[in-house]
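Given the sequences, and given the hints that come with them, work out the whole structure.
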Amino acid sequence: MDNKNENNPVSDITLFVKIGIVVLTVMAVVGLGVKFLPNAITVSNIGRKRDLPIYSVETDENKLALTFDTAWGFEDTEKILEILEKHDVKATFFMTGEWIGKNPEAVKKIAAAGHDLGNHSENHKQMTRLSEEQCKDEIMKVHKRIKKLTGVDMDLFRPPYGEYNNMLVQAARDCGYYTIQWNVDSKDWKDYGPDSIVKKCVENKNLGKGSIILLHNGAKYTPEALEGVILGLKEKGYELVPISQLIYKGEYRIDQTGRQYKK
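Going by full-length UniProt numbering, 59 is the number at position 59 of the sequence shown; the sequence numbering is gapless.
Please note that the accuracy of each hint is not assured.
[Said to hold, decoys possible] Lysine-lysine pairs mimicking PhoX-like chemistry, simulated, CA-CA at most 25 Å apart:
id : residue 1 : residue 2
1  : 234       : 263
2  : 109       : 263
3  : 147       : 249
4  : 63        : 234
5  : 187       : 236
6  : 234       : 187
7  : 79        : 249
[Stated by the list, open to error] Pairwise CB distance ranges (calculated):
id : residue 1 : residue 2 : range
8  : 204       : 250       : 27 to 35 Å
9  : 228       : 208       : 14 to 22 Å
10 : 262       : 163       : 35 to 43 Å
11 : 228       : 165       : 32 to 40 Å
12 : 105       : 140       : 32 to 40 Å
13 : 259       : 203       : 17 to 25 Å
14 : 190       : 250       : 32 to 40 Å
15 : 72        : 163       : 15 to 23 Å
Note that these hints are calculated values from the structure, not bench results.
These figures come from a predicted structure and were not determined experimentally.
We put the beta carbon where it would ideally sit given N, CA and C, even for glycine.
Listed below in structure tokens is the structure:
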């Protein structure tokens with residue numbers, strides 16, 4: 001007896017259509033889940049061997065960012081804020097929970113001045129040695145401190161010591177954070193003097209549009225060098241902006257150097 005469905009093109013087409021409907025339905029459900037996830041961060045380097053933070057940003061504008069790792073020192077922070085205000089510059093301060101606890105009024109002052117508030121972990125540990133849950137705890141403790149003090153929901157994170165791995169970058173992303181590194185290092189913590197800091201910032205071979213510059217609020221010569229850094233960068237035509245006005249939010253991609261591109 002002949003099989004009526006054997007080599008029947010109509011039957012094959014019907015099966016193909018059914019499979020297609022199932023596949024599209026699954027894709028739609030997954031897509032909706034991503035679309036309506038609050039504050040979703042989508043980056044195309046997920047799944048690569050190395051999940052990179054943002055070291056710099058691809059932009060046609062002459063913009064770059066000054067950032068301060070803020071883990072110790074108070075009086076220097078006051079001086080830094082005065083210099084930034086004098087030159088109408090907004091920066092980004094990555095603060096630890098311990099520093100926040102000791103200097104709550106300074107945190108409020110930083111926020112009131114319009115600078116970015118960044119997360120530098122609760123205890124400044126080597127977070128690559130922690131578990132995923134411990135990393136999230138380190139991040140969210142600081143988040144809650146800042147939220148209580150200022151009402152700000154932070155989304156910028158810098159790992160202590162600049163150390164990270166895929167797990168930490170993903171843990172930060174799960175907490176709603178963009179992990180931020182730098183491509184220009186002032187080396188201010190080495191105490192080589194203010195001239196050295198200015199030179200390492202203004203004449204750095206990596207300096208360019210979209211650069212992120214690393215400074216420390218508690219380094220000995222940073223306040224003394226800061227005005228020279230600002231003036232030197234402005235003379236080169238750069239506008240100094242906080243990280244929130246430099247990076248791309250939402251969907252983006254990162255190349256192998258950690259440079260961020262708008263998707």
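These are the hints, each one checked on the structure:
Note on residue 234 and residue 263: the hinted pairing is violated, with a Cα-Cα distance of about 29 Å set against a maximum of 25 Å. For the given pair, residue 109 sits about 35 Å from residue 263 by alpha-carbon distance, which is inconsistent with the 25 Å threshold. With a CA separation close to 20 Å, the supplied pair residue 147 and residue 249 stays within the 25 Å bound. With a C-alpha separation of about 10 Å, the suggested pairing of residue 63 with residue 234 holds against the 25 Å cut-off.
Of the pairs offered as hints, the one joining residue 187 and residue 236 holds, with about 21 Å between alpha carbons and a cut-off of 25 Å not exceeded. Straight-line distance between C-alpha atoms of residue 234 and residue 187 comes to about 20 Å, which keeps the hinted pair within the 25 Å bound. For the suggested pair residue 79 and residue 249, the alpha carbons sit about 31 Å apart, so the restraint of at most 25 Å is broken. In this structure the hint that residue 204 and residue 250 lie 27 to 35 Å apart at CB holds, the actual value being about 29 Å.
Checked against the given bound of 14 to 22 Å, the beta carbons of residue 228 and residue 208, roughly 19 Å apart, stay inside it. In this structure the hint that residue 262 and residue 163 lie 35 to 43 Å apart at CB is violated, the actual value being about 28 Å. Between residue 228 and residue 165 the Cβ separation comes to about 36 Å, which falls inside the hinted range of 32 to 40 Å. With their beta carbons about 23 Å apart, residue 105 and residue 140 fall outside the hinted range of 32 to 40 Å.
Our hint of 17 to 25 Å for residue 259 and residue 203 holds, since their Cβ atoms are close to 21 Å apart. Range check, residue 190 to residue 250: Cβ separation about 37 Å, and the 32 to 40 Å hint holds. At about 18 Å, the beta-carbon gap between residue 72 and residue 163 stays in the expected band of 15 to 23 Å.
In the structure shown, a violation is registered for the earlier hints numbered 1, 2, 7, 10 and 12, in ascending order.
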